[in-house]
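S.K.: Using numbering that gives the first Met the number 0, you'd call the opening residue of the sequence shown number 0 and step up by one each time.
Calculated directly from the structure, the hints in this document are not laboratory data. Just so you know, even glycine gets a beta-carbon here, dropped at the ideal spot from N, CA and C. Hints are not guaranteed to be accurate.
Unchecked claim - For lysine-lysine, the following DSS-like pairs were computed, each having C-alpha atoms within a straight-line distance of at most 25 angstroms:
1) LYS272 with LYS292
2) LYS95 with LYS13
3) LYS305 with LYS341
4) LYS127 with LYS354
5) LYS279 with LYS6
6) LYS13 with LYS341
7) LYS305 with LYS292
8) LYS387 with LYS71
As the list claims (entries may be wrong) - Ranges between beta-carbon positions, derived for each pair:
9) ARG187 with SER224: 18 to 24 angstroms
10) ASN247 with HIS325: 53 to 59 angstroms
11) GLU294 with LYS356: 38 to 44 angstroms
12) ARG121 with SER224: 37 to 43 angstroms
13) SER46 with LEU230: 23 to 29 angstroms
14) GLU312 with SER224: 39 to 45 angstroms
15) LYS6 with ARG123: 42 to 48 angstroms
16) SER224 with PHE295: 22 to 28 angstroms
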Amino acid sequence: MANTEIKQLVDEIKEEVIAWRRHLHANPELSFHEEKTAQFVYETLQSFGNLQISRPTKTSVMARLIGDGPGKVVAIRADMDALPIQEENTFEFASKNPGVMHACGHDGHTAMLLGTAKILSRLRHQIKGEVRFLFQHAEEIYPGGAEEMVQAGVMDGVDVVIGTHLWSPLEIGKIGIVYGPMMASPDRFFIRIHGKGGHAALPHQTIDSIAIGAQVVTNLQHIVSRNTDPLEPLVVSVTQFIGGTTHNVIPGSVEIQGTVRSFDKTLRQNVPKLMERIIKGITEAHGATYEFKYEFGYRPVINDEKVTRVIEETVREVFGEESVDHIKPNMGGEDFSAFQQKAPGSFFYVGAGNKEKGIVYPHHHPRFTIDEDALEIGVRLFVHAAFKLLAEAP
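Let's have the full structure, built from the sequences with the hints guiding it.
M.R.: Below is the structure:
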């Protein structure tokens, strides 16, 4: 379809998309608890017509739009869950649920996909093939909702899958494109060091778990600086160190937790072995013992080159050359990767920051928000990309 025709259709529902986003923002629900959110999405989709709607899991929704003729199957995904954060914004539509907030833009993702479904449902007779709308629960918590939806069969027969993230570090009007590795695998680790507690004034009678733990924390960084190719992206971050109860007692044990981020499959499998070698060596040297657990999280998001090229071409055609921003990969995690195991896919960013409006807070911040003009951009991009991928999908 022509750019002007789709823009007119998007303009007609722009305020409705904003209203959906604000409703969702005011009524956030945590991962695996999106009952009211899923019901709202289900009922909104029902009002459009031409859609086959189902509930693959308790808190997710899928809608299928089957066109007039045979063709490819294109899936578009949006996540719906919120975060355990107390909102500090004072909007009229600020969260009504204490301690729960849409602080990552998922409310906008859901609203954009609803808008896309509404427009495409009106254009069913111009569609050859199928567009599948995936409203996913629980992106924020491992094992994630994407894997559950895949196991429920939502990707059966899908030829290509796309998704987006409203991105506050990217200014409104820009679309962030990444070829190949885009987001890392967010793995977790847990270490408990067992020493021997005692009086802080008599350290020679103890096995100091804090001193030993501090050495472990420092030496874990050698995995990145001395055990890994410096050109290979890897992050090892200790984010919790728990131990002790008062100033004059050396505790008998400490707990250390953190995350590891990487792209390479072989490196990812190697890191736990390197970690345990360091932990074992340090604790044994000081007469302590340890427990070590390592949890593999989501797979890395690896964008398919052909699909990503279609997205980039769509951005150029619809918004112009200046809207394309070839950004660097980042070490955040995203379970969109579960869908990419079943079909070639591409994940991209829609700029949602605006310094002039004071929309500058990072994701997961209690004052996070988006420039709502980004919602219109996201809908237009989804609609155009759907038609282009139906015609050109690999």
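S.K.: Look at each hint and say if it fits the structure.
M.R.: Hint check:
1. LYS272 with LYS292: Roughly 11 angstroms between the alpha carbons, so the hint for LYS272 and LYS292 holds.
2. LYS95 with LYS13: 24 angstroms, holds
3. LYS305 with LYS341: 16 angstroms, holds
4. LYS127 with LYS354: Judged against 25 angstroms, a Cα distance of about 41 angstroms means the pair is violated.
5. LYS279 with LYS6: With Cα atoms ~61 angstroms apart, LYS279 and LYS6 exceed 25 angstroms; violated.
6. LYS13 with LYS341: Outside the cut-off at roughly 33 angstroms; violated.
7. LYS305 with LYS292: With Cα atoms ~38 angstroms apart, LYS305 and LYS292 exceed 25 angstroms; violated.
8. LYS387 with LYS71: 11 angstroms, holds
9. ARG187 with SER224: 18 to 24 angstroms: At 21 angstroms between Cβs, range holds.
10. ASN247 with HIS325: 53 to 59 angstroms: The hint (53 to 59 angstroms, Cβ to Cβ) holds, given that ASN247 and HIS325 are roughly 56 angstroms apart.
11. GLU294 with LYS356: 38 to 44 angstroms: 39 angstroms, holds
12. ARG121 with SER224: 37 to 43 angstroms: 56 angstroms Cβ-Cβ, so the 37 to 43 angstroms window is violated.
13. SER46 with LEU230: 23 to 29 angstroms: 52 angstroms, violated
14. GLU312 with SER224: 39 to 45 angstroms: 40 angstroms, holds
15. LYS6 with ARG123: 42 to 48 angstroms: 20 angstroms, violated
16. SER224 with PHE295: 22 to 28 angstroms: 23 angstroms, holds
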